[in-house]
Amino acid sequence: MTRSELIATLAQRFPQLVRPDAELAVGEILDSITRTLANGGRVEIRGFGSFALNYRPPRIGRNPKTGEKVAVPGKYAPHFKPGKELRALIARPE
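Position 46 of the sequence shown, counted from 1, bears residue number 46 in the UniProt record's numbering, the numbering being contiguous throughout.
A portion of the hints provided could be inaccurate.
[What the hints assert, rightly or not] No farther apart than 20 Å at their CA atoms in a straight line, the calculated lysine to aspartate or glutamate pairs in the EDC-like style are these: (1) Lys84 / Glu44; (2) Lys81 / Asp31; (3) Lys81 / Glu44.
It should be emphasised that the hints constitute simulated quantities derived from the structure, not laboratory data.
Generate the whole structure from the sequences, applying the supplied hints.
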């Protein structure tokens, strides 16, 4: 599902919510999550999951074209951990 599809679904499920308001709501939620992660924080949405930063330590990689060893610096990468309810919903047998 894309951002546009999410906005359209939200506007369709809640007729009192006009599309520009749905766009604003989705945009603000995503911006808040982004800002929190950019500031080193963690976002937890009960029943859904949590967003956090994982540290990836420096390592020696290889240039795939030349095979030359390259030092890859350490960095933080965003990580999503699904909540119990979401995991249970996805894992149900068909």
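When you check the alpha-carbon spacing of Lys84 and Glu44, does it fall within 20 Å?
Roughly 12 Å separates the two Cα atoms, so the pair holds.
Verify the proposed pairing of Lys81 with Glu44, using a straight-line Cα cut of 20 Å.
Roughly 9 Å between the alpha carbons, so the hint for Lys81 and Glu44 holds.
Pairwise hint evaluation, Asp31 against Lys81, where the allowed Cα distance is 20 Å at most:
holds (19 Å)
Hint compliance for this structure: every hint is met.
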